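Protein chains in written order, with full-length UniProt numbering: chain C, 1 to 550; chain A, 1 to 550.
Hints are supplied without guarantee of correctness; some may be wrong.
No copy labels: a pair is met if it fits in one copy or bridges any two.
Said to hold, decoys possible - Derived SDA-like pairs: lysine to any residue, alpha-carbon spacing no greater than 25 Å straight-line: (1) LYS410 to LEU104; (2) LYS410 to ASN17; (3) LYS510 to PRO222; (4) LYS449 to ARG511; (5) LYS445 to TYR264; (6) LYS449 to ALA498.
By construction, these hints were calculated from the structure, which means they are not laboratory data.
Everything numeric in this text was worked out from a predicted model, so none of it was measured.
So the chains spell out like this:
Number of protein chains: 2
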Amino acid sequence: MTTVTPKILPSTPSATNPPLLIGDLLESGVRMAGDNQIVYRDLGRHDYRRFRERVHQLAHLLTAQGVRAGDVVAVLDWDSHRYLEAFFAIPMLGAVLHTVNVRLSPEQIHYTMEHAEDDFVLVHQDFVPLLEGLHERLPRIRGYLLCQEEAAEVDSALPLVGEYESLLADQSRHYDFPTFDENAVATLFYTTGTTGNPKGVYFTHRQLVLHTLTEASTLQAPGVELLNRDKVYMPITPMFHVHAWGVPYTATLLGATQVYPGRYEPEMLVRLLVDERVDFSHCVPTLLGMVLNAEPIASGRVDLAGWKLLIGGSPLTQALARRAHELGIDTRSAYGMSETCPLLTADVLPRDIAEADFETQLPWRCKAGLPIPLVQLQVVDESGTPLPNDGESVGEVRVRAPWLTQAYYKETTRSEELWRDGWLHTGDVATLDERGFLQIRDRIKDVIKTGGEWVSSLELENLIAQCPGVAEVAVIGVPDEQWGERPAALVVPKDLNAPPASDEVLAFLKRFVSEGRINRWALPSSIRFVDEIPKTSVGKLDKKRIRQEV
Amino acid sequence: MTTVTPKILPSTPSATNPPLLIGDLLESGVRMAGDNQIVYRDLGRHDYRRFRERVHQLAHLLTAQGVRAGDVVAVLDWDSHRYLEAFFAIPMLGAVLHTVNVRLSPEQIHYTMEHAEDDFVLVHQDFVPLLEGLHERLPRIRGYLLCQEEAAEVDSALPLVGEYESLLADQSRHYDFPTFDENAVATLFYTTGTTGNPKGVYFTHRQLVLHTLTEASTLQAPGVELLNRDKVYMPITPMFHVHAWGVPYTATLLGATQVYPGRYEPEMLVRLLVDERVDFSHCVPTLLGMVLNAEPIASGRVDLAGWKLLIGGSPLTQALARRAHELGIDTRSAYGMSETCPLLTADVLPRDIAEADFETQLPWRCKAGLPIPLVQLQVVDESGTPLPNDGESVGEVRVRAPWLTQAYYKETTRSEELWRDGWLHTGDVATLDERGFLQIRDRIKDVIKTGGEWVSSLELENLIAQCPGVAEVAVIGVPDEQWGERPAALVVPKDLNAPPASDEVLAFLKRFVSEGRINRWALPSSIRFVDEIPKTSVGKLDKKRIRQEV
């Protein structure tokens with residue numbers, strides 16, 4: 001990195017060179033599509049103009065409750081119009097939005113709320129009992145605002161200041177929002193690793209605006225065309241999880257119709273997909289599987305043809321993509337993580353592949369895709385040397401972009417592990433092919449080292465998942481005296497009463513050995529049938545717990 | 001504007017929070033579409049990978065010639081692949097690209113090159129005689145790099161350091177570009193007003209990256225769909241003019257095929273439009289008229305159906321949009337100016353209008369459109385109060401956005417006129433309608449004040465242009481003792497030998513009076529027939545010279 005002295009002319013920051021602030025995204029949406037709707041389940045809807053008024057009203061409400069710039073405001077809610085309003089009103093005040101992961105254990109939730117130094121809380125009625133058990137150990141919190149589907153008296157030990165809708169109704173519809181430094185923190189949330197306490201990641205106004213602009217351009221790319229003003233969007237990634245991949249911000253910038261499904265109940269999801277004619281969603285593979293298994297879909301009673309999905313969190317398997325395709329559902333992959341805001345890559349298919357038949361596209365749709373604009377991405381060996389784009393050389397993914405968490409919140413040691421040599425280290429191992437497509441092979445920690453060779457637990461899982469009679473599978477490395485580690489598989493059979501025999505699964509896998517797709521030493525030493533596989537709060541295989549249970 | 005104290009956590013700028021630099025745009029294009037082409041007239045083509053190599057080679061060439069960060073490098077060239085390379089290589093070195101307006105007079109060009117403090121020059125052979133006459137009065141310039149279509153000896157008094165292509169060929173194809181502050185100035189150029197010397201406007205790396213991302217999202221919007229990876233783009237706005245509206249940067253970000261036509265000769269333009277299957281261009285109305293008048297188009301020998309154009313610089317008239325539509329050519333408007341990078345608004349048609357027939361769309365296509373994301377735009381009265389969105393209240397347009405020139409270069413007084421009360425004042429008068437569409441009515445200086453009433457010279461010109469026998473028209477205000485000012489029209493007849501009578505034109509206009517479209521006092525007091533109307537270097541009516549001649 002050379003040092004140079006370019007020409008810099010003075011400017012007055014906030015006047016001639018305004019900061020990048022989240023409020024600008026909302027203004028854009030209202031201008032582009034004031035009549036487009038924000039829908040909340042089957043309970044209500046309003047247009048973008050009213051959405052903006054409600055954001056202003058929420059800002060007044062919070063100000064009246066003593067919330068000030070620099071405060072941290074926690075939200076525990078299902079995906080809702082309220083949550084979307086909080087996405088804007090809280091940061092627009094200069095306060096920090098802490099999106100609490102409600103799937104964590106009560107003790108973990110307590111840890112995150114204490115660590116984040118939450119000052120005020122928006123809490124859905126469903127989580128009131130949870131917070132009743134924690135609030136005495138969260139003395140910093142000044143008040144709790146209750147979110148309900150219908151206003152009703154709640155008898156609670158929590159110091160509730162009132163109910164969201166009824167307090168909102170009294171507020172003025174115009175708030176004179178302040179302007180401030182674009183490097184102010186806008187959002188904060190926690191990610192759970194395989195060890196230790198949850199880690200806080202945080203993003204500034206500048207970072208979220210840049211992520212939004214780039215995501216907007218990418219989701220409108222040819223052959224992608226997932227999101228624009230005329231599309232209907234419904235997330236199936238919780239809003240507490242990396243702000244639903246930042247897509248609510250992008251949908252707002254573009255003025256798209258937005259549908260929020262509340263709690264993820266398959267029946268409600270399917271009803272909204274059909275009734276609201278949802279064009280675009282995003283989720284982890286597990287959730288897509290859950291929707292496809294819902295009775296009305298599986299039975300063919302309901303047609304979801306034309307629905308388009310961006311899949312992330314874990315790699316999309318060819319089996320799942322094919323099953324979706326048979327129902328007329330378009331799936332493609334993206335890649336990112338909590339630490340990265342999250343979008344790093346997306347499947348913008350090259351023109352020749354976009355024009356090819358589905359079977360040709362399939363492997364491409366299951367790769368993580370191309371780095372999006374402004375992302376620098378490398379796959380490097382252990383010395384930090386970039387590996388060739390040959391689709392074979394496996395190394396760790398490291399990235400730079402203007403929207404990465406700049407540290408783990410108040411964690412010096414773990415931040416130094418994340419950021420090394422000026423790069424954020426993802427902990428994922430991957431290949432890059434001749435066309436620059438990234439393919440995630442595994443988590444570094446999940447790769448199995450057997451007899452000096454690397455085996456991807458993920459690839460093995462994908463192959464076993466194709467075996468008849470297998471519903472779900474997890475592969476981990478177990479210690480082995482002779483080989484160091486050996487692969488072991490946990491399998492959930494489709495029919496719990498009639499699981500396939502281990503030998504059948506092995507025989508199925510041996511075909512891939514003779515086809516040269518995997519090596520002999522990748523065959524698992526043990527295959528165990530179980531009723532269920534432990535998952536993390538965001539639906540990924542929880543390999544830490546799996547290892548403990550094996 | 002309230003002062004608040006948000007939470008700002010420390011970061012290490014260039015590592016965890018990288019600056020926005022123009023080089024990132026080039027990387028994005030190469031990743032998205034390495035095989036897509038950059039075409040130069042009928043003389044050559046290469047793909048994006050080679051484009052990147054050539055940018056690196058140009059950086060080596062310039063470095064070898066002593067160009068350093070902070071230097072100013074001037075370019076005098078026709079629209080070319082070379083110019084595109086200069087768009088990247090010069091700013092990526094931390095130097096400033098000065099795009100010289102080659103249509104100015106030699107004395108004005110001398111003024112701008114001296115005022116910009118140019119250190120090094122890229123000069124097309126066609127402009128060597130011009131610079132021979134100036135270079136002794138530009139002692140700061142260290143060298144001139146010759147641009148030619150075919151390498152040939154040039155006998156010149158200029159201290160030429162060599163020829164672009166032959167020097168490029170010797171350079172390494174990888175340059176280790178520096179990283180630096182995103183507020184470094186990247187580009188500088190001059191705009192001519194109606195009075196005084198040309199004024200310098202300048203844009204930073206940050207501003208150009210933000211303008212590019214927003215332009216990319218806007219040009220891909222539904223119903224717009226002008227530019228993406230799979231489109232073929234050819235500018236018909238000179239690259240020296242507000243970096244061809246920034247579109248070469250946007251086309252590069254997206255990986256679109258780019259066609260550069262050299263000097264604007266109608267025959268070459270038409271040939272490229274057809275042979276290269278150009279999808280998208282942008283230009284001022286005058287240039288579109290010139291293309292439509294070109295023999296192969298006017299005679300119907302060549303079919304341009306499907307070609308899409310963004311029109312700016314001056315308002316698109318309904319007559320021109322209709323004429324284009326009859327040839328299957330799609331036109332819509334955008335609005336901006338040299339001071340604004342330039343994009344401020346674009347015709348993103350509301351869904352119902354986008355789905356309506358052409359006649360319904362026509363008035364909308366001729367309005368300037370909606371402010372694009374991150375732009376704050378107001379139409380205000382003389383006290384600075386925003387006027388209602390009623391389509392009738394006329395006031396000055398003032399704007400804020402993260403990509404406006406922060407001053408006129410080295411011009412305190414004129415900068416203070418431009419930036420007042422924290423807003424950039426455009427000098428345009430306009431209305432905003434109920435849907436938020438901006439419609440430019442006139443330049444403040446061109447509005448005619450007659451008997452206390454305002455008459456838009458622009459509206460009057462549009463009506464007179466519809467009169468049979470009228471090819472071109474300009475309307476100005478002339479002093480009048482009784483009324484203060486009265487409108488006067490200069491008309492170029494279609495047939496110079498048989499101009500219509502003044503009375504015919506007046507009778508034609510009176511119909512609009514009886515229809516209530518204009519007021520009686522808007523009827524011009526004098527109508528004069530001329531062979532030609534003076535225009536500025538970018539093809540707009542030059543009202544300053546017209547006033548002198550009337």
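(request) If the cutoff is 25 Å on CA atoms, where do LYS445 and TYR264 land: within, between, both or neither? Let me know, please. (result) neither (30 Å within a copy, 60 Å between copies)
(message) Treating 25 Å as the Cα threshold, decide for LYS449 and ALA498: within, between, both or neither.
(response) Result: close neither inside a copy nor across copies, 33 Å intra and 91 Å inter.
(message) If the cut is 25 Å between Cα atoms, do LYS510 and PRO222 qualify within a copy, between copies, both or neither?
(response) Neither. Shortest intra-copy (40 Å) and inter-copy (50 Å) distances fail the 25 Å Cα cut-off.
(request) With 25 Å as the alpha-carbon cut-off, assign the pair LYS449 and ARG511 to within, between, both or neither. (result) Close inside one copy (22 Å), not across copies (87 Å); limit 25 Å.
(request) Tell me, please, which holds for LYS410 and ASN17 at an alpha-carbon limit of 25 Å: within, between, both or neither? (result) Cα proximity of LYS410 and ASN17: across copies only (18 Å, versus 31 Å in one copy).
(request) Measure nothing new, just compare the shortest in-copy and cross-copy C-alpha distances for LYS410 and LEU104 to 25 Å and report within, between, both or neither. (result) Cα proximity of LYS410 and LEU104: one copy only (20 Å, versus 58 Å across).
Consistency note: the structure conflicts with the earlier hints numbered 3, 5 and 6.
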